[in-house]
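Peer 1: Here are the chains, one letter per residue:
There are 2 protein chains.
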Amino acid sequence: MSAQESSSIMPESTSPAKVDPTFASALVDHLDTGDLDSALALVAELHPADLARLAHRMPREYVTKLLMALPVETGADVLAAWEEEYSAEILGDVPPEHLAPLLNELESDDAADVLGQMDASVVPHVLPALEDSEAIRNLLEYDAETAGGIMATEYVAVPMHWTVAEATEEVRRNAETVEEIYVIFAVDEAGRLNGFVSLKRLLLSPSSALIEYVMRKDIHFVTPDIDQEEVVRIMERYDLVSLAVVDEAHQLIGRVTIDDAIDVIREEAEEDYQRLSGITGDEEPTDSIVRITRGRLPWLLLGMIGAAIAGSVIGVFEESIRRVSVLASFIPVVMAMAGNAGIQSSAIIVQGLASGDVWSANMLRRLGKEVLVAAVNGIALAVAMALVVVLVFMAGAGIWPDVVLAAPEPVRLAATAGMSLFVVVLLAAAIGVSIPLVLHRAGIDPALATGPFITTSNDIIGLVVFFTLATLLYLPFL
Amino acid sequence: MSAQESSSIMPESTSPAKVDPTFASALVDHLDTGDLDSALALVAELHPADLARLAHRMPREYVTKLLMALPVETGADVLAAWEEEYSAEILGDVPPEHLAPLLNELESDDAADVLGQMDASVVPHVLPALEDSEAIRNLLEYDAETAGGIMATEYVAVPMHWTVAEATEEVRRNAETVEEIYVIFAVDEAGRLNGFVSLKRLLLSPSSALIEYVMRKDIHFVTPDIDQEEVVRIMERYDLVSLAVVDEAHQLIGRVTIDDAIDVIREEAEEDYQRLSGITGDEEPTDSIVRITRGRLPWLLLGMIGAAIAGSVIGVFEESIRRVSVLASFIPVVMAMAGNAGIQSSAIIVQGLASGDVWSANMLRRLGKEVLVAAVNGIALAVAMALVVVLVFMAGAGIWPDVVLAAPEPVRLAATAGMSLFVVVLLAAAIGVSIPLVLHRAGIDPALATGPFITTSNDIIGLVVFFTLATLLYLPFL
Numbered sequence: 158m159s160a161q162e163s164s165s166i167m168p169e170s171t172s173p174a175k176v177d178p179t180f181a182s183a184l185v186d187h188l189d190t191g192d193l194d195s196a197l198a199l200v201a202e203l204h205p206a207d208l209a210r211l212a213h214r215m216p217r218e219y220v221t222k223l224l225m226a227l228p229v230e231t232g233a234d235v236l237a238a239w240e241e242e243y244s245a246e247i248l249g250d251v252p253p254e255h256l257a258p259l260l261n262e263l264e265s266d267d268a269a270d271v272l273g274q275m276d277a278s279v280v281p282h283v284l285p286a287l288e289d290s291e292a293i294r295n296l297l298e299y300d301a302e303t304a305g306g307i308m309a310t311e312y313v314a315v316p317m318h319w320t321v322a323e324a325t326e327e328v329r330r331n332a333e334t335v336e337e338i339y340v341i342f343a344v345d346e347a348g349r350l351n352g353f354v355s356l357k358r359l360l361l362s363p364s365s366a367l368i369e370y371v372m373r374k375d376i377h378f379v380t381p382d383i384d385q386e387e388v389v390r391i392m393e394r395y396d397l398v399s400l401a402v403v404d405e406a407h408q409l410i411g412r413v414t415i416d417d418a419i420d421v422i423r424e425e426a427e428e429d430y431q432r433l434s435g436i437t438g439d440e441e442p443t444d445s446i447v448r449i450t451r452g453r454l455p456w457l458l459l460g461m462i463g464a465a466i467a468g469s470v471i472g473v474f475e476e477s478i479r480r481v482s483v484l485a486s487f488i489p490v491v492m493a494m495a496g497n498a499g500i501q502s503s504a505i506i507v508q509g510l511a512s513g514d515v516w517s518a519n520m521l522r523r524l525g526k527e528v529l530v531a532a533v534n535g536i537a538l539a540v541a542m543a544l545v546v547v548l549v550f551m552a553g554a555g556i557w558p559d560v561v562l563a564a565p566e567p568v569r570l571a572a573t574a575g576m577s578l579f580v581v582v583l584l585a586a587a588i589g590v591s592i593p594l595v596l597h598r599a600g601i602d603p604a605l606a607t608g609p610f611i612t613t614s615n616d617i618i619g620l621v622v623f624f625t626l627a628t629l630l631y632l633p634f635l
Numbered sequence: 158m159s160a161q162e163s164s165s166i167m168p169e170s171t172s173p174a175k176v177d178p179t180f181a182s183a184l185v186d187h188l189d190t191g192d193l194d195s196a197l198a199l200v201a202e203l204h205p206a207d208l209a210r211l212a213h214r215m216p217r218e219y220v221t222k223l224l225m226a227l228p229v230e231t232g233a234d235v236l237a238a239w240e241e242e243y244s245a246e247i248l249g250d251v252p253p254e255h256l257a258p259l260l261n262e263l264e265s266d267d268a269a270d271v272l273g274q275m276d277a278s279v280v281p282h283v284l285p286a287l288e289d290s291e292a293i294r295n296l297l298e299y300d301a302e303t304a305g306g307i308m309a310t311e312y313v314a315v316p317m318h319w320t321v322a323e324a325t326e327e328v329r330r331n332a333e334t335v336e337e338i339y340v341i342f343a344v345d346e347a348g349r350l351n352g353f354v355s356l357k358r359l360l361l362s363p364s365s366a367l368i369e370y371v372m373r374k375d376i377h378f379v380t381p382d383i384d385q386e387e388v389v390r391i392m393e394r395y396d397l398v399s400l401a402v403v404d405e406a407h408q409l410i411g412r413v414t415i416d417d418a419i420d421v422i423r424e425e426a427e428e429d430y431q432r433l434s435g436i437t438g439d440e441e442p443t444d445s446i447v448r449i450t451r452g453r454l455p456w457l458l459l460g461m462i463g464a465a466i467a468g469s470v471i472g473v474f475e476e477s478i479r480r481v482s483v484l485a486s487f488i489p490v491v492m493a494m495a496g497n498a499g500i501q502s503s504a505i506i507v508q509g510l511a512s513g514d515v516w517s518a519n520m521l522r523r524l525g526k527e528v529l530v531a532a533v534n535g536i537a538l539a540v541a542m543a544l545v546v547v548l549v550f551m552a553g554a555g556i557w558p559d560v561v562l563a564a565p566e567p568v569r570l571a572a573t574a575g576m577s578l579f580v581v582v583l584l585a586a587a588i589g590v591s592i593p594l595v596l597h598r599a600g601i602d603p604a605l606a607t608g609p610f611i612t613t614s615n616d617i618i619g620l621v622v623f624f625t626l627a628t629l630l631y632l633p634f635l
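Those sequence lines, one after another, are chains A and B. Just remember that my numbering sits 157 ahead of the position in the first sequence, which is counted from 1. Just remember that my numbering sits 157 ahead of the position in the second sequence, which is counted from 1.
The hints are simulated quantities; they were obtained by calculation from the structure and are not laboratory data. Possibly wrong hints are sitting among the right ones.
As the list claims (entries may be wrong) - Derived pair list, reagent style EDC-like, types lysine to aspartate or glutamate, alpha-carbon separation capped at 20 Å: (1) Lys-222/A <-> Glu-262/A; (2) Lys-526/B <-> Asp-439/A; (3) Lys-526/B <-> Glu-441/A.
Unchecked claim - Interface residues of chain A toward chain B, partial, derived using beta-carbon atoms under 8 Å: (4) Arg-329; (5) Gly-435; (6) Gly-463; (7) Ala-465; (8) Ile-478; (9) Val-481; (10) Met-494.
In this text, all values refer to a predicted model and were calculated from it rather than measured experimentally. Note that beta-carbon positions come from the ideal geometry of N, C-alpha and C, so glycine has one too.
Can you build the whole structure from these sequences, using the hints too?
Peer 2: Below, the structure written as structure tokens:
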């Protein structure tokens with residue numbers, strides 16, 4: 158979608174006009190001359206999310222200045238809207254006495270995420286100064302990519318024997334600290350999770366009713382060690398805006414909210430997309446050259462090693478190429494088709510495995526389907542290839558089709574090229590399906606195997622098949 | 158993540174054990190013998206979302222039988238959990254008299270989505286029989302990938318002059334039809350959107366307070382023509398679980414809920430992933446061979462045309478290859494590096510454009526950064542390549558490094574290969590950045606340009622550069 162389309166009709170606060178480069182430079186000017194009042198007046202109407210985006214257009218030192226000039230609640234909202242890596246970088250420049258007030262305004266999960274990205278030497282100094290230091294210290298213990306790593310400790314929970322009126326009072330008491338309340342959790346005397354009440358249900362129930370009789374018992378929950386992808390899958394499957402997290406004793410210890418789940422979906426999708434492109438390590442536009450290179454160079458080097466092997470395959474057939482140098486012209490087609498067909502098949506399998514659509518039981522069926530598709534595509538490509546060879550011969554010779562077709566050489570070359578292409582596409586698809594499935598069975602993330610890995614191995618196999626067939630079927634008859 | 162990991166601790170209703178193949182075959186057996194009571198008893202405890210997944214393991218005719226045997230509310234929940242294409246296919250086998258009751262239980266947006274996928278000749282017969290026929294007919298008019306195409310007409314809206322008690326009564330009246338209520342909208346006498354009240358706020362406000370004084374005015378909204386990607390971006394940016402849709406007169410006409418936004422995110426991510434793999438048309442595992450081939454073959458053919466051009470580039474340098482057939486061995490390395498480096502750069506730019514992180518203003522800066530990264534990678538690869546060439550010569554000649562290094566031929570070949578690789582990687586990155594940016598400026602989806610397109614054009618350019626440099630720098634000195 159173009160930028161023009163998206164700007165057609167927008168609520169005022171999301172209007173791109175407000176966060177354009179002129180706006181950013183005016184803001185920087187005010188900050189530069191130390192005119193904080195004018196700077197704050199300029200951004201007063203902006204939503205914190207828009208302020209957060211605006212910052213990406215400003216030099217870093219002014220972002221820090223702006224963050225410290227803002228009211229602390231707004232500053233915290235801006236921090237929460239940034240990627241945690243960027244927040245941590247900006248907070249690295251903020252004087253220690255400003256840190257605690259800002260972090261105190263964040264939800265526990267956001268505070269833990271930012272602290273987790275900050276310099277390890279800073280954390281022990283900042284942590285004790287925080288109101289929630291105990292909760293945040295606990296959150297920092299969890300693996301960042303698990304339920305524990307994305308949950309917040311702000312939620313509303315009430316004993317089951319309370320009334321609706323008492324529960325409503327509890328919501329009121331927590332209204333400030335727990336910003337998004339959609340459901341409240343019901344627990345027993347030991348704090349064990351027993352059910353939930355949606356806010357709608359709470360609103361519509363008589364004040365004197367007991368939570369026990371109002372709550373729903375079919376509550377979904379996870380333990381903190383569950384992988385974030387599984388957490389998100391549960392929330393998506395059952396349309397949950399809030400998912401309870403419990404410990405081994407079934408005691409409620411946190412909740413994952415839908416906005417964090419969406420961040421996970423985005424993050425995982427971007428990671429998969431980058432992996433398919435031969436990039437690891439979740440590259441961000443703000444990353445340094447060194448960090449970017451670290452994520453890309455290994456795949457390029459791996460690709461080069463693979464290509465060197467492919468090159469040595471060609472070296473083995475150097476004698477054939479010396480005799481018939483036209484064979485070299487087929488190398489790009491063989492490599493392109495082996496690579497593309499393999500990527501198509503592997504991408505579909507990796508996607509199926511990630512979404513849970515591909516069950517272990519029907520793996521053989523999937524393999525069969527991919528091979529069938531590859532056979533259809535292979536025949537189409539083989540015919541097209543054979544036609545191209547004949548046409549090129551015709552153009553080169555400047556003669557009529559019947560003359561070319563009567564000549565054994567071009568027909569045999571066309572047949573050899575077509576046949577090889579068919580075999581190459583079929584093999585490429587089979588490999589594209591098999592490698593992710595094998596990795597999945599072995600408990601390795603199949604997404605690792607896509608992109609450069611599949612392309613490279615298929616290049617090698619494709620070239621072996623092509624030159625072997627050419628040497629056997631074409632050269633002997635010249 | 159492996160299947161083993163994900164099954165560790167799950168709420169009962171999500172336990173994979175319940176939806177395994179044995180379960181499905183037991184269910185099919187009951188349906189086969191017409192023992193509907195046993196079939197229903199077997200699935201009675203299952204969440205509709207789990208039932209929906211279970212169906213994917215059953216032959217289609219039994220899915221239809223099961224759907225008709227289920228209580229109509231459960232059946233509708235199962236329908237809503239499926240992909241709309243699959244729901245439409247299953248409903249195609251359901252007798253007409255069963256259709257309307259099922260569709261009536263769906264939210265308007267789900268009903269419209271399914272009807273939009275059904276046989277066009279069926280719709281005019283089904284539509285008049287539906288309770289919401291007017292609303293659904295309107296929804297069907299909107300482009301499926303816009304706010305209008307994903308919004309539902311079920312929401313709660315109250316006049317601003319109502320009290321909190323009256324608004325609560327309105328929530329009660331709609332509690333059945335509007336399942337997920339998180340906010341209610343406030344409108345003026347003409348039905349124009351003026352604000353919103355979260356359910357939390359409604360719960361905590363005095364019954365006699367006027368909505369006008371309780372509502373928040375900073376409401377986000379879109380018009381029905383806004384692209385679904387922009388809709389989702391707004392909901393994500395401002396952490397909304399429900400987004401109002403208004404017409405030109407600013408009258409409220411629908412709302413988009415967070416679960417639909419998540420579907421859009423998943424759908425778009427899958428589409429981008431598939432495009433990068435050379436697949437168009439949103440392939441699903443249940444698609445037919447014909448449909449799958451239609452999405453894949455065009456890219457393979459396009460790749461073949463590109464590769465044929467690359468082949469003819471090699472053909473132009475046939476004379477050089479005939480003289481020094483070792484040059485053919487470099488073709489895979491040149492193609493792999495040009496392809497991989499180009500894909501890496503283009504993937505990052507396409508992602509940045511999609512997320513809005515890449516602003517038109519800093520495009521030149523992005524290009525500079527990519528070229529810098531490519532230069533670093535290019536130098537590393539050039540050095541590695543040169544070393545490989547020298548080592549291969551050493552291995553082939555069985556001689557000492559000083560002898561090889563003193564010989565002009567291998568050193569010159571190593572230098573030529575290294576230098577070409579550097580230029581190829583640099584050019585590939587520049588092209589990988591430029592093409593998506595140019596397409597974006599022209600209002601074309603840049604994701605179309607990734608994958609096979611970038612790889613193919615970079616293959617061609619890479620080969621031209623390599624053989625030109627080899628012909629100029631290496632061959633004349635032999």
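Peer 1: If a hint holds in the structure, say so; if it does not, say that too.
Peer 2: Taking the hints in turn, this is what the structure says about them:
1. Lys-222/A <-> Glu-262/A: holds, 18 Å
2. Lys-526/B <-> Asp-439/A: holds, 17 Å
3. Lys-526/B <-> Glu-441/A: holds, 12 Å
4. Arg-329: At 5 Å from the nearest chain B Cβ, Arg-329/A passes the 8 Å test, so the hint holds.
5. Gly-435: This hint holds: Gly-435/A lies near chain B, its Cβ roughly 5 Å from the closest one there, short of 8 Å.
6. Gly-463: holds, 7 Å
7. Ala-465: holds, 6 Å
8. Ile-478: holds, 5 Å
9. Val-481: Violated, because the Cβ-Cβ distance from Val-481/A to chain B comes to roughly 10 Å (cut-off 8 Å).
10. Met-494: Interface hint status for Met-494/A: holds (6 Å vs cutoff 8 Å).
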